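> Now for the letters of each chain:
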Amino acid sequence: MGTVTERVAGPPKAAPRPPGRRLPARASGLAGWLAVLFVVLLASVAIGTKDIPLATVLDALVDHDGSSPDQALVRELRLPRTGLGLATGAALGLAGALMQALTRNPLADPGILGVNSGASAGAVLAIGFAGFQHFSGYVWFALAGAGLVSVMVHLIGSAGPGGATPIRLVLAGAALSAALTALVTAVLLMRPEVFDAFRFWTVGSLAGRQADTLWQVLPLLLAGMLLALALARPLDALTLGDDVATSLGGRPARTRVAGVLAVTLLCGGATAAVGPIAFVGLAVPHLARRRSGQDHRWILAYSAVLGAVLLLAADVLGRVLTRPGELEVAVVTAFLGAPALIVLSRRNRRSGR
Amino acid sequence: MTATASRTRTRTPKQRPLRTRTLRTRRFSVRVRPRVLVVGAALLVVTAVVFVLACVTGDFGLPMPEVLRVLAGGGEPGARFIVVEFRLPRAVAGLLVGTALGASGALFQSVTRNPLGSPDVIGFGSGAATGALIALLMWHTSALGTSVAAVAGGAVTAAVVLLITWRDGLHSQRLIIVGIGIAAMATAVNAWLLSRSRVQEAEVAQLWLTGTLNGRTWDQVAPLAVVLAALLPLAVAQSRGLGLLSLGDDTAEALGTPPRPTRVIAIVTGVALIGASTAAAGPITFVALVAPQIARRLTRAPGPGIATSALTGALLLTGADVATQWALPSVEVPAGIATGLFGGAYLAWLLTRRGGPRD
Chain A
1 MGTVTERVAG PPKAAPRPPG RRLPARASGL AGWLAVLFVV LLASVAIGTK DIPLATVLDA
61 LVDHDGSSPD QALVRELRLP RTGLGLATGA ALGLAGALMQ ALTRNPLADP GILGVNSGAS
121 AGAVLAIGFA GFQHFSGYVW FALAGAGLVS VMVHLIGSAG PGGATPIRLV LAGAALSAAL
181 TALVTAVLLM RPEVFDAFRF WTVGSLAGRQ ADTLWQVLPL LLAGMLLALA LARPLDALTL
241 GDDVATSLGG RPARTRVAGV LAVTLLCGGA TAAVGPIAFV GLAVPHLARR RSGQDHRWIL
301 AYSAVLGAVL LLAADVLGRV LTRPGELEVA VVTAFLGAPA LIVLSRRNRR SGR
Chain B
354 MTATASRTRT RTPKQRPLRT RTLRTRRFSV RVRPRVLVVG AALLVVTAVV FVLACVTGDF
414 GLPMPEVLRV LAGGGEPGAR FIVVEFRLPR AVAGLLVGTA LGASGALFQS VTRNPLGSPD
474 VIGFGSGAAT GALIALLMWH TSALGTSVAA VAGGAVTAAV VLLITWRDGL HSQRLIIVGI
534 GIAAMATAVN AWLLSRSRVQ EAEVAQLWLT GTLNGRTWDQ VAPLAVVLAA LLPLAVAQSR
594 GLGLLSLGDD TAEALGTPPR PTRVIAIVTG VALIGASTAA AGPITFVALV APQIARRLTR
654 APGPGIATSA LTGALLLTGA DVATQWALPS VEVPAGIATG LFGGAYLAWL LTRRGGPRD
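If you read the sequences in order, they're chains A and B. For the first sequence, position 161 matches number 161 in my numbering, and the numbering has no gaps at all. For the second sequence, position 112 matches number 465 in my numbering, and the numbering has no gaps at all.
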């Protein structure tokens with residue numbers, strides 16, 4: 001497992017260029033993606049089940065006068081939904097990049113390392129036994145579950161003699177996921193009313209979440225994002241291995257603890273708000289690394305932007321594809337992300353890694 | 354990859370020389386490791402005990418001697434009815450499904466040279482669930498139809514994964530990446546299907562998705578027994594070839610084991626085994642992943658260890674079923690929940706131990 005996964009993650013074989021010329025390329029690339037993000041944001045506000053003329057949409061955004069129900073629809077439904085997509089997409093992209101850097105494992109993903117199932121278990125136990133019905137009640141349990149599982153995966157993965165190798169972490173994630181999924185299923189089978197709510201939450205979606213969800217989860221996500229960005233330099237050192245990082249004056253253990261905290265805030269918050277969404281965290285950092293090389297300041301910036309673009313584009317696509325109904329965003333990201341991952345693994349192979 | 358595989362393989366079973374004996378007759382010679390034989394025998398004995406316990410366990414209290422008399426062919430008609438019609442099929446289903454899962458897991462992990470290369474991970478379980486959900490929720494089929502659809506769904510998923518992966522031989526890492534990808538797509542479809550159906554139907558589907566031995570009858574057990582009788586010897590016979598593959602494709606080829614056909618046969622056998630078990634009991638998680646790893650630790654032998662994995666799988670599933678019936682006699686807890694809980698906890702514990710799962 002070890003070697004080849006690392007090969008997937010390995011530095012893209014960029015032509016050796018003088019370091020001075022890398023910066024403008026990365027900066028202009030990022031600017032380009034920010035422009036794409038802007039277009040996608042606009043599309044997310046403009047496109048929906050109901051046809052609303054673009055002029056009305058723009059009026060609603062820029063020059064809102066409350067004159068038409070269409071404007072209200074844009075402001076009260078589409079805008080919060082777009083904001084939720086922006087925040088959770090960026091959070092998931094960042095979390096994926098963090099996890100892949102922390103575990104030195106290109107397969108790291110909230111789903112694979114068990115964070116999703118931790119959040120699910122927290123939410124289900126809170127709804128099932130503590131009677132929380134509203135998001136503001138169970139979000140803390142979801143967050144606690146995600147955090148607990150992150151820490152446990154890390155502790156279990158690094159408890160053995162070899163330390164936290166990628167494969168041990170993935171196995172620890174698989175182990176805890178399996179146990180927690182079983183627990184969740186047991187609760188669901190015993191409590192049909194919880195099952196009914198859970199089955200809608202578990203297909204991750206930006207639709208139908210409560211309007212104030214964004215405001216409740218935003219502080220958590222922002223805190224996670226700031227912490228993640230602060231970790232960029234220590235993560236660069238960590239990529240070289242714990243020994244090298246230590247000898248360069250880094251503190252791998254402290255970086256890991258802070259990283260796990262950031263991942264918990266980002267993944268746990270996003271998952272609690274919109275349900276489990278796979279592949280954004282897995283695919284985005286791969287794309288980001290191809291664009292930005294190995295510097296984590298750039299990887300994290302690209303990952304946040306690309307994550308938001310991917311999630312919002314998937315959400316818009318889900319609305320366009322099955323009009324007048326809509327396809328949940330998690331279904332779309334799975335169908336976009338899986339082929340992307342597969343193509344990525346093949347391309348890496350073709351270039352003779 | 355090759356380098357990693359051989360390095361880890363030599364490191365795993367402590368740095369102790371493995372004792373090997375060679376048994377010869379005039380025409381055949383077999384190399385056996387005494388430890389493997391002892392472990393195998395012990396597993397058989399424990400499994401037999403657990404099997405009897407499974408026949409004793411149930412709502413209606415029957416004393417052990419009475420159950421033993423029934424198993425020996427005698428007993429009161431009433432006791433006979435309960436044991437033969439209700440408890441035996443369930444216990445036998447546990448044995449057979451566990452056997453199939455263990456053997457299948459050993460085949461897959463050996464082909465992919467990866468402890469995560471279990472059928473669950475490469476998408477078979479999710480694909481089978483998709484097939485079953487489509488049959489249950491969209492076509493409203495009978496139990497038999499659901500089973501057939503599940504096997505078809507799993508086989509199609511496995512075929513897609515293999516076709517995408519297949520280029521120059523079978524690259525282990527790509528198989529797992531592609532498998533994770535396809536599995537995630539199937540999981541998304543499954544959640545979507547569950548959210549779009551009526552709640553009563555969704556609950557039935559959820560129960561099926563968990564995997565259960567509750568209420569198995571001879572109708573489900575008999576086909577599985579027939580399939581296993583054909584496939585199990587085939588699986589065990591592949592041990593040597595798969596063991597050689599771990600030395601690297603070139604070495605295996607030079608020793609007379611062509612890598613590609615060996616892998617194809619192993620995968621087809623593995624898919625058929627897990628398909629048969631899924632048709633009988635639904636997708637039971639973790640046994641295929643954990644059984645080979647437990648077996649490997651117990652025997653400390655290199656190679657795929659298909660027979661010992663199969664035995665371990667049978668013991669795990671039957672034991673899990675008995676344990677849940679004892680722990681929660683009033684609720685019908687599906688065996689899949691127990692295997693998930695115990696399997697997950699066991700794997701977590703294993704990881705914290707010296708020389709845990711190969712990595």
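FYI, nobody ran anything at the bench for these hints, they're computed from the structure. Quick caveat, the model's predicted, so the values are computed rather than measured. The reader is advised that the hints may include incorrect statements.
[What the hints assert, rightly or not] Label pairs and their in silico Cβ distance ranges: (1) Met491/B / Ala35/A: 35 to 45 Å; (2) Lys50/A / Trp571/B: 20 to 30 Å; (3) Ala578/B / Pro192/A: 55 to 65 Å; (4) Arg551/B / Thr322/A: 47 to 57 Å.
[What the hints assert, rightly or not] Facing chain B, a subset of chain A residues (Cβ under 8 Å, in silico): (5) Ser28; (6) Ala178; (7) Ala182; (8) Asp243.
[Stated by the list, open to error] Covered, in the sense of this in silico footprint (three residues per stretch, anywhere, with C-beta under 8 Å from a C-beta of chain A), are these stretches of chain B: (9) 490 to 503; (10) 532 to 544; (11) 552 to 560; (12) 681 to 694.
We put the CB at the ideal spot given by N, CA and C, even for glycine.
> Quick check: the stretch 532 to 544 of chain B, covered by chain A? Criterion 3+ residues, Cβ under 8 Å.
With 9 residues close enough to chain A, the hint holds.
> Is the interface hint for Ala182/A satisfied, with its Cβ closer than 8 Å to some Cβ of chain B?
3 Å, holds
> Does the interface hint hold: is Ala178/A within less than 8 Å of chain B, judged Cβ to Cβ?
4 Å, holds
> Is 55 to 65 Å respected by the C-beta to C-beta distance linking Ala578/B and Pro192/A?
35 Å, violated
> Between Arg551/B and Thr322/A, does the beta-carbon spacing fit 47 to 57 Å?
Once the Cβ atoms are compared, 20 Å apart, the range 47 to 57 Å for Thr322/A and Arg551/B is violated.
> So does Met491/B sit 35 to 45 Å from Ala35/A, Cβ to Cβ?
42 Å, holds
> Test coverage of the stretch 552 to 560 of chain B by chain A using CB-CB distances below 8 Å; three residues minimum.
Our answer is that it holds, as 5 residues pass the Cβ test (under 8 Å) against chain A, meeting three.
> Tell me if Asp243/A is really an interface residue toward chain B, meaning its C-beta lies closer than 8 Å to one of theirs.
Check failed: Cβ of Asp243/A comes no nearer than 18 Å to chain B, outside 8 Å.
> For the stretch 490 to 503 of chain B, do at least 3 residues have a Cβ located nearer than 8 Å to some Cβ of chain A?
violated (count 0)
> Okay, the stretch 681 to 694 of chain B and chain A, do three or more residues pass the C-beta test at under 8 Å?
This one holds; 9 residues, not fewer than the three required, reach chain A with a Cβ under 8 Å.
> Could you check if Ser28/A really has its C-beta closer than 8 Å to a C-beta on chain B?
31 Å, violated
> How does the Cβ-Cβ distance of Lys50/A and Trp571/B compare with 20 to 30 Å: does it lie in that range?
57 Å, violated
In summary, the numbered hints that this structure violates are 2, 3, 4, 5, 8, 9.
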